[in-house]
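*Asks:* Residue numbers (the working numbering), protein chains in the order written: chain A, 28 to 1032; chain B, 352 to 540.
Any given hint could turn out to be false.
Said to hold, decoys possible - Here are the simulated DSS-like cross-link-like pairs (lysine-lysine), alpha carbons at most 25 Å apart as the crow flies:
1. A:K727 - B:K360
2. A:K547 - A:K609
3. A:K412 - A:K393
4. A:K727 - A:K918
5. B:K360 - B:K447
6. A:K713 - B:K447
Claimed, not checked - Covered stretches of chain B (chain A as the covering partner; in silico rule of three or more C-beta atoms under 8 Å from a C-beta of chain A):
7. 405-418
8. 450-459
9. 492-501
Simulated from the structure, these hints should not be mistaken for lab results. Glycine residues also receive a C-beta, built at the ideal position from the N, C-alpha and C atoms.
Each chain, letter by letter, is given below.
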Amino acid sequence: MSTRLATPGRLTDQSKPLNFSFNGKTMRGYAGDTLASALLANDQMLVGRSFKYHRPRGIVASGPEEPNALVNLGEEGRFEPNQRVTTTELFEGLTAASQNHWPTLEFDVGAINKHLSRFLPAGFYYKMFMYPRAFWKHVYEPVIRHSAGLGKAPKARDEDTYEHFYSFCDVLVVGGGVAGLQAALTAARAGARVILFEQSDHWGGRAPVDGGIINGGPVDQYVEETLAALKSMDNVEMRLRIMGAGVYDHGYALGYERLSDHTPGAAGPRHRLWRVRAAQIITATGAIERPLSFAGNDIPGVMLASAVRDYVVNYGVSIGDRTVVVTNNDNAYLTAIALKHAGLDVPVILDARVLPEDRGLVEQAKALGIRVMMGHAISSVKGGKRVTGVNICAQAGEGAVLEEIACDAVAMSGGWSPVVHLWSHCGGKLRWDTTHACFSPDVDNPPKGADGMGFVTPAGAASGMFALDDVLHDAHAAAEGVVTCLDMKLPKGVSAPVAERREESPMAAVWMMPQGASAKLREKSWLDYQNDVKVSDVRLAAQEGFVSVEHAKRYTTLGMATDQGKLSNINGLATLAGAMDKDIPSVGTTTFRPPYHPISLASIAGEAKDHVFQPIRRTPLQDWHDANGAEYEPVGHWRRPYAFKRGSETTHDAVMREVTNTREKLGLLDASTLGKLIVKGPDAGKFLDMMYTNMMSTLKPGKCRYGLMCNENGFLIDDGVVARIDEDTWLCHTTTGGAETIHAHMEEWLQTEWWDWQVYVANVTEQYAQVAVVGPNARKALEKLGGMDVSKEALGFMEWVDGTLGGFNVRIYRISFSGELSYEIAVDASHGRAFWDALMAVGADLGAMPYGTECLHILRAEKGFIMIGDETDGTVIPQDLGLGWAISKKKEDYLGKRAQERSHMTDPNRWKLVGLETVDGSTLPDGAYAVAEGTNENGQRNTQGRVTSTYHSPTLGKGIAMGLIHNGPDRMGEVVTFPGTDGKDYKAKIVNPVFYDADGEKQNV
Amino acid sequence: MSEPMTALKGASDTSGIATVTELGPRGMITLRGDLTAKPVVKAAVAAGGVTLPERGHCATEGKGGIAWMSPDELLILCDYATVSDRIADLHSKLAKHHALAVNVSDARAVFQVTGPYAREVIAKLAPVDMHPDQFNGTMFRRTRIAQVPAAFWMPDGDTVQIICFRSVAQYVFDVLNMAAQDGSEVGVF
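The shape of chain B in the complex, shown without the other chains (with noise of 0.2 Å):
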């Protein structure tokens, strides 16, 4: 098997108000089943490595962790090598219960945007309140990046990490990038 090569081979800008990187490639599942059902609970906590975040949070621990999608859906993260083994453990785990585990880990794209103004870089792509009151600590939020669906949480205060699909890394990339231009500080954060 050749090296895993993501969508921009880990490209990095640091030329404007805050740093963007592409990160990866991360181990990612979705994992869809009743999240009230406890053996689906406990596969989800096996697989990420973390106790289950509420609604609208994410839990993450190192390369490990579990991301609320939606009322029936789990993003689980995890280390690139170890995906296919997660996966088998969760079909094994859930063979008798109605979920759905797939491995999207190319699927994905990961970008970081760091630097103090890395709020307001969101902010100008994302309709979502990025004020550190009102998105902080373990949020997760499904939303978009511009014109393309995307998911972000916040490692730290000056930190957000950033999902979307692989086939608009390009895009996301270079939109973060015009968002966070040489002289755009809003200052409002």
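Here chain A stands alone, though its shape is the one from the complex (with noise of 0.2 Å):
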């Protein structure tokens, strides 16, 4: 059993009890608990199921190395999968439910997998479900996603916020451990801007419950008169609950803080993401300690030795009355000696080193009467959910069973691994250190920045530093060597603090126990906990061929589950090794990534949700249209109305009487998202005439013209109506979606092809508020606002005039996208409201009706007018489209010019523009493509051409549509076929794309 001890732990405040629950069982905890100590201590050992077998798996960890215990936590909008117990701080009220299992925890299934292991080797997912093709997605797929997959996925709306933080700092020290705490300190006493990450809710890490003594004191008492001496100076930022997270190129790291995880529903952020730009990084991230490889070393109670310590000191919690030890190292003698101390019992300390002298922690272990088996390890662990003991062996031999121990709980130790994530994540190498059988930061290998030095330095247990005493110095001089790069100098005098040494023997690699395991026994080893991945597997892999670290480890799944192989990946790549009689390091690591421990993707979208997920740009007039029945459809960022509906006709319906109305009375359109972009200076003619096909320097002031654009390749990418203002200054409108690209497109071109050219360009898109009044009665609306004349003679077909409308300044454009009498007027956007509400009332008389940019659509598909985006993708020419008039013969050059005359765009097999009318006055569907003889190598039917536009014409009283037919405008009359997605045929004429008022008379009344 697992319990509550009386002697309090360090970190729990017994005068605080929390209630909690799992799996709806009530339970009960203190403050100061993670919700891993509070589930020990109400005995629930058992805490999920593993992800192949469905084995039983307990808690192995106490930090976030755990690879076991995931749960569900939280209910409805605060329901999370896949949470860790062990990073997961106790408070009233939560709510937890084990994962993978079912139906329950207890009996669970899909443990049946176990009996079928031998049937479900590494790679058996490759080697089963290859064939036949037909079974992955009817068979093999739902029945995988029913009994595999951890926890399950939230159904209500996140109810939390997120947010960002810009932090900048001379220095970033991850971990507030002693090393971390000892470096932020001797960075700040330099003068150094540092700001100081701890993942956990408290300072000191690990060395407190470690012991030991620093400056003459107890650790506790180092830990509290550093904390201190940080918060006494204004240049250091300490931050609790910030996990760094990853560190990127140019000093860029990320901090994930967990804010209210652990009281949830406080007001403000749930997560904070900091987004640090530091000169340096010191990574004093610790070490992990590795599990050992025997027989049933998954079966709930065997636990790292570490863990078992931490639960005993910090949370009184012990995992059981009888712990049998099994180590390769001194380091796990302290948890013997922790648990005596607590009144525990330790039947046997198995090491699997043969010392020829007991020392130090060996010494003291023996004089508290623990029994200890040199040369000794487990050949296997006996229990199914709980441990009830172990069989011994010798450690030399293949795992004869030489005594049988009863217990309820394994402590192992394989020795530690730094925790080299931060420094590996940008580049930092790594070098295998053979003393401590584990890989240590490269420092002469470091993560390098722009300059060329390096930006990243480990401190401590990171670094490979294990004895108190050396933490601490290399924690000091790591920042001491950090604020050498930065030009600052220490204070003379301020030097390591010093610790007292304990005398210590060398660790001895052991990567499986025992070293002559049958496969009977390495079948049993478990590497990777939460994807079950075992020593026969790995070495399955090798014999496959699989050697390479990065393909054994996707072969095996090993180190690929939530925990990233924190405790797996060691052990796996030696027993990779051993299986190849290759060394180590020269099999390799495989490569760490970002982030160090799950982050939410709430976190990283940061504010971006909800109302503002994106930014909304708005026109001066959306309000209006927001009151007025207006139907959105996205333009770029902008939300442009699609129609105006009234009362409770379909959009169609309204659609069809904005056609109707503007095409006979008066249609008022919001065109302020049109682009504008002023080009002025001495060589604005010269540079539009390359920017633009046809052209612009010869327009003359006061008068407009419709300009093409096309890129280096010779595709048109935008068109629009130029406006020469003055002598040096046009005006360009672009589409709506262009502003911004055509903006840079030309600010571009200025800076790096033509610097030397006289030229400004500026976007003033939002300067203005644009109505474009179309339909025969619009000279009568403005006549009835009155201030200028707009009589044709005054104001012919494209030209523009400054002057006063109804008292507001205004600019008219006689410009026409609709083929009807039209005036686009500009206001500045301050007045743009009150402007459309004037023409609104001026209106009323005249049949004024706003209209949206479907019916925009319909007038200008009517008159056969190109839209970019329809009828060009960024494969289309402007010859394509019939717009050769718009290409100057003239000039020397425009930019498109030349690819314009390669080969395969003067090919006469172009599909080329042509209007398309059914036979039958039904609509084409949109996309559609016609039809051709026979058809292609892929067995596809040939096509001829395709649909761009297509619309039913209210004018019309027919389906009229555009489109790109092989040799089009050759074959007018010509019937072809538009298969539809509905099954049927649809039959179109090609016909001139011109369907009304093909002499424009009625533009230019």
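From these two lone chains plus the hints, build me the complex, please.
*Replies:* Next up, the structure:
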């Protein structure tokens, strides 16, 4: 049984009990508990099932390396799966449920897989599910999806908010253990601006648990004094509950702050992602203890020795009454001693080593009367859902049982691996440390910044220093090195604190226990607990030729679970090395990638959620649209009215009404979103002649001209009306989506290619509210507003003029995208709404109605006007669209000219623009392809064209469309077939694309 | 002519850790030209009513001011009512020089964030070091607020004034208030 001890833990507050529930059962813990320690205090050792075999799984660790104990946490809008109990602080009312079992945690049908384990070896999925092909979708995938998978997907919307925080410093120290504290203090004393992150809710790391004497006092006292010194300094920012998640180029690092995970519902954001720019980063991220690979090492009750110690010392929780300690190093003796001091029984310490003499901790343990068996190992652990005992064997042998010992917990230690993740994220190299059998940062090959100098320095255990005195000295030296890089100096007399040294015997590398374990034992020796990868699987992978560590990882799934192999990677690759008779460094490691430990996706999104998920651009008239039935469609980041619905009419009906009204009376369009670029300078005309396919330099002031813009590959990218304002100023209208990109396109050419041309460009799109006043009554409406002459004589088609209309300062462009009499009127945006209201008022008697983008599309399609994005798709040149008239023959050059002369662009077989008219008056499906005779090499029907725009025209009472058709303009009157996705064949006649007022009489009145 | 109407009609929110208010209308002129040319500088100084700020800074006085936008661009601030006069003046002064002066007053929205946590609100949205030792005085920064372009300066230690495009005024107002939400103090500055 695991239970709460009478002696309180270092971190728990017995005066503050907290109630929580696990799988519906109410339990009790204390303030300061993690969910892990609270579960263990309630004898809840079994917390989940493994991924593949559904083996019972218990808590193994006490920190973020925990592979097993993941739970569904919270409810409704605060439900989250895959939460680690070891990193979850307990709070009142916490609800958790175990994962990956069916129907219950105690009785799991899927556990039958463990009896089939002989048939589920490494690579099983790859071998089994290849054939027959159709089985994958209909049989294998549904079954696997049902049986596998960890937590449940949340169903409710996340109730919380999240944010980012941009932070800057000279030195970022990650890790608030003694190494991090000391490094921060040293750096701060040199005057550096320091940020210190600690992932847990307390300072000091594990040193206070492991004990020792620093500067003549206990570790706790050192921690307190160092904290006090740091807090008194203005140049230090210290934060608990922030995990250093990743290190990136240029000293960029991410810190994941968990603000209210332990106080759900508190005001403010739940998580804050710190986006730090640090000149230098110190990783004081400590080390993680490794499991030992012996049979049954996954049975609940087998735990890392350091975790057993943490639960006793920090939380006052014992894992069992009788704990067998199994180790290859001195460090695990601390656990035996701690247990003994807590009044618990340690029947035996099994030490795989054979030491010549008893020193230090070994001596202490023996003095406490603990039995120590040198050269011994665990042959197998007994028990199912809980450890009941161990079979002891000689480490040197094959596992013959020498003795059985009853126990209810096993504390194992296979040595320690420095947490090198952050060091490695940005390219820091590792070296193999034979003494400690681990990979440590190779400090001669750090991650390098733009200046070629290293910007990450490891400190303490994270750099492979394990003795307390070494840790403190290393941390001090790391900080000193870092501040030197920053041209800062330590004040005289500042030195590292001194810790007492323990006598220690060297550890021995043990990758399999016993070293000659039989195949049967190897099949029960787990490497990766979460993904169920065993020693036998890695050996099989090697045998089947997966000798690269990256391949073996993917084949076996070792280290690919949510813990990313924090416990399993080193053991796995040592096993791989062993199977190939290679040494470990030559096998190498897999790649460490951020984040160190999973972070919430919402923290990455930050504030971008709900109404601020994306910026929505609004015109000065949008409030009116909102209030008048506008149905919107996205156009870039704008939302433009698609149609204005009245009463109970359908969207289609509204569009038809708007078209007819505009053709017969008066339509008003919010055209504010159209791009407006001012181009000015002595070379502006020359510049625009290069930008547009047609001639803009010859345009007279006061006149407008429609222009086409191509990219350097000749493809049409934008179009619009250009107005010449004065001798050296033009105003270029772009499409709505093109305002920013065409502005950037112009700037790019001006800054990189024609930097010596005297041209300035300014984007004034949003300065104006622009309203198109369209229809036979348009002039009457403007005359009612009064103030300027808008007659044909005063303001002809394709001219513009400044003036005053109804008291508003306006610029009127007499241009038409509808084929009707049309004025586009620009007013300053701050007066846009008042101007619109004035227009609506004078238009009331004239049949004024607003119209949306769909009406605009139909009006222009009736006139055969192209639309960028409909008739063009990045592969269309103006010549395809019959726009040869807008391409200047006189100009020596323009962007796209050379490309348009290439053989493929001049190929007579290019599909060309035509009008399409269905033979029965119906509307062609959008995007439909016209089929041709025969099939292609893939057995698909050949095509000869496609629909680019298609609408029902209320003006003509039938469907009209435009399309690109092979040799289209030469095939007038021919009928082509467009199969629809509805199974019907649509037949359409090839016609002229101008369906309405081909002579342009209506717009020119 | 009607009364000029800003994008959010002067909306304000005081519910969070800082007060967010829409200001304006404010006169703004984009001036592009050779900032080392005396006539350009003289015209700019006359229009803004302040001396030319150095790179990365702004100079403000009353409703007038000049902000450094790029090596060939200034933003001239002035009373909204005087914009057209000032542009006309710029045009006449710079008639013989290659320069561009356009009215952008209505293309922009102006916000103010005030309170002891104003710096933190900005640091949640803009990749700028808002530490008082690092961003202070007449500094002016062209950057972004969350997902949109913006520029800001600090008239005093507890106040940030932000310029953004008019079309995203609602977004910027909302996102500033999100960053200023109750209980979101970081406590670093």
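*Asks:* It remains to establish, for every hint, whether it holds in the given structure.
*Replies:* Checked hints:
1. A threshold of 25 Å between alpha carbons decides the hint, and for A:K727 with B:K360 the separation of about 40 Å lies outside it, so the pair is violated.
2. Using a Cα cut-off of 25 Å, the hinted pair A:K547 and A:K609 holds, with the two alpha carbons roughly 23 Å apart.
3. As the CA atoms of A:K412 and A:K393 are separated by approximately 32 Å, the hinted pair breaks the 25 Å bound.
4. As the CA atoms of A:K727 and A:K918 are separated by approximately 18 Å, the hinted pair is consistent with the 25 Å bound.
5. The hinted pair formed by B:K360 and B:K447 fails the criterion: a straight-line CA distance of about 40 Å is larger than 25 Å.
6. A threshold of 25 Å between alpha carbons decides the hint, and for A:K713 with B:K447 the separation of about 19 Å falls inside it, so the pair holds.
7. For a cut-off of 8 Å, the count of residues in the region 405-418 of chain B with a CB near a CB of chain A stands at 0, and the three-residue condition is violated.
8. Counting residues of the region 450-459 of chain B whose CB lies closer than 8 Å to any CB of chain A gives 9, which reaches the minimum of 3, so the coverage claim holds.
9. Counting residues of the region 492-501 of chain B whose C-beta lies closer than 8 Å to any C-beta of chain A gives 3; at least three are required, and the coverage claim holds.
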